[in-house]
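Chemist: The lines below spell out each chain.
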Amino acid sequence: MIQLLFFFFAAVAVGAAINVLAQKHVLYSALSLILMLTAMSVLFILLRADFLAMIQIIVYAGAIMVLFTFVIMLLNLPTEEEGSDPLRWLKFIGIPFVLFFLFLIVGTLWGVEPLRAPAELVGSPAAIGTSLFKDYLLPFEVTSLLILIALVGAVIFAKKDL
Amino acid sequence: MIAYFTSYDFGLVLLKIIVIFAGVMNVVGLLSWVERKVMARVQMRPGPTRVGPFGLLQPLADLLKFVFKEEVIPLQANTFLYIAAPLVSLIPAFLSFAVVPFGPSFQVTDLSVGLLFIFAVTSLGIYGIVLGGWASNSKYPLMGAMRSSAQMISYELSLTLSVVGVVMIANTLSLRELVVSQESTWFGFIPRWYVFLQPLAFLIYVVSGVAETNRLPFDLAESEQELVAGWHTEYSSMKFLMFMMAEYANMIAVSSLATILFLGGWNGPMFGPPLLQMVLPILWFVLKVGCFIFFYILLRSTIPRFRYDQLMRFGWKVLLPLALANILVTSFVLAII
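Chains F and E, in that order, give the protein sequences.
Counted the way this note's numbering counts, the first sequence spans residues 1 to 162.
Counted the way this note's numbering counts, the second sequence spans residues 1001 to 1337.
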């Protein structure tokens, strides 16, 4: 049952991720990305990380992607860009690179033993809370400081005359 | 797997799903009558009276009208998204009832992160409005959709932060355990409801809940004086009905969550024979939710609409700092005790 669900939602996630790149229209790409994030959160649930799954939907699918679609609608981008694509030569370099990376990934994963999903809930809010605020307190605080710096920087870029 | 699908447990869950889904569907229909009747009485009108006793069959008549109306899809609309948008707003609205505990044993499933599940699902409901407004390819729906998404992002933040205080006191995210933790009383007569411990959070929750469901005085997304009907201007027949059903279902979900978090859920006086005691919790729950919805409808019929900049300023400069201050004070007090 769990394996069936895993393969179904993994296929949805991969398909949606490919669709993000394949779509010509930006809004469809954004919608595929939302589908991909939701399918990913189901994979988190199958790994017994319920908290992470819900946070994934709330933060990424529910907040960040809303802002994305919001901006896409505001700008009202044209459906297809005119003229020759300036990046048209990139695909000839891109395909060998993708094949090389696929080779690397397959080579790495070939020898990996499959990890069973843990029996009890390791991704519970309490477990994540202790690891964030006790075991990894310093990295957590440093990250939040970095995000604050990025935030202030973005405000300064957006508003030249404060 | 087959053993599970033929087991007694699975049948029970299926029965609960059917009963809750049918119940919510019927209540949604009934609410449209309640809303028209209450609003009419506030404004000294009789309201619907012709169809059935007290006009009670009015929702049925409305439904028939919606079903038999012509489907109109604008020529310039993006057909796929135009049809998908009502579904995108309806499905999350009904999904949140999967974790709502209506009674001690009347709940489809009790997730350990049930509270977050409801927030996650309701945050996806925005897409229905945004896509509906965009796919219509018309100026008023687009304006309405953009207002709505901006409003929902800002008010969802204070909605989520307002319940953090309650979660800190109860020390759980499961909706069932939240209700159980409010079971006993202080001094034998004051119920141990979190509304008495977190009055500020309750106020913030109610205000942002109204904004989150796009109801007056925060219904900037569909303000009919400026934007015709906002994001559903181009919608008619069944698709319009789906948007309306999603709005009412969201209203019930937000009220249920308020009942669970602040008003003790199904807790209430218990008396009578055992059979009555099985029904009483569900009755208390429904009554508390009903009070909330009645309050919503009264708000709609009495208070004028906010201006858009006032709305955004109120969300970011009043509600959000208050919610943050509430968390700070609560955690401080909890750390001292």
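It should be emphasised that the hints constitute simulated quantities derived from the structure, not laboratory data.
A hint or two may mislead.
Unchecked claim - Only some residues are given here: those of chain F computed to face chain E with a beta carbon under 8 Å:
no., residue
1, Ala39
2, Leu43
3, Ile58
4, Ala61
5, Phe70
6, Val71
7, Ile105
8, Glu113
9, Ser124
10, Pro125
11, Gly129
12, Thr130
Stated by the list, open to error - Straight-line alpha carbon distances no greater than 30 Å define the calculated DSBU-like cross-link-like pairs of lysine-lysine that follow:
no., chain 1, residue 1, chain 2, residue 2
13, E, Lys1317, F, Lys24
14, F, Lys91, F, Lys24
15, E, Lys1065, E, Lys1037
16, E, Lys1037, E, Lys1069
17, F, Lys160, E, Lys1037
18, F, Lys159, E, Lys1065
19, E, Lys1065, E, Lys1139
20, E, Lys1069, F, Lys159
21, E, Lys1069, E, Lys1139
Glycine included, C-beta positions come from ideal geometry on N, C-alpha and C.
Chemist: Look at each hint and say if it fits the structure.
Modeler: Evaluated hints:
1. Ala39: 13 Å, violated
2. Leu43: 15 Å, violated
3. Ile58: 5 Å, holds
4. Ala61: For Ala61(F), the interface hint holds, since the closest Cβ of chain E sits about 6 Å away, which is under 8 Å.
5. Phe70: With Cβ-Cβ at 5 Å, under 8 Å, it holds.
6. Val71: Where the cut-off is 8 Å and the nearest Cβ of chain E is about 10 Å from Val71(F), the hint is violated.
7. Ile105: 30 Å, violated
8. Glu113: Nearest chain E Cβ about 26 Å off; hint violated.
9. Ser124: 7 Å, holds
10. Pro125: 6 Å, holds
11. Gly129: It is violated, given that the least Cβ distance between Gly129(F) and chain E is near 11 Å, above 8 Å.
12. Thr130: 14 Å, violated
13. Lys1317(E) to Lys24(F): 39 Å, violated
14. Lys91(F) to Lys24(F): OK: Lys91(F) and Lys24(F) at ~16 Å, within 30 Å.
15. Lys1065(E) to Lys1037(E): 19 Å, holds
16. Lys1037(E) to Lys1069(E): Holds, at about 24 Å.
17. Lys160(F) to Lys1037(E): Between Lys160(F) and Lys1037(E) the Cα gap is close to 54 Å, so the pair fails against 30 Å, i.e. violated.
18. Lys159(F) to Lys1065(E): 52 Å, violated
19. Lys1065(E) to Lys1139(E): Holds. Lys1065(E) to Lys1139(E) sits at ~28 Å (cutoff 30 Å).
20. Lys1069(E) to Lys159(F): 51 Å, violated
21. Lys1069(E) to Lys1139(E): Between Lys1069(E) and Lys1139(E) the Cα gap is close to 24 Å, so the pair holds against 30 Å.
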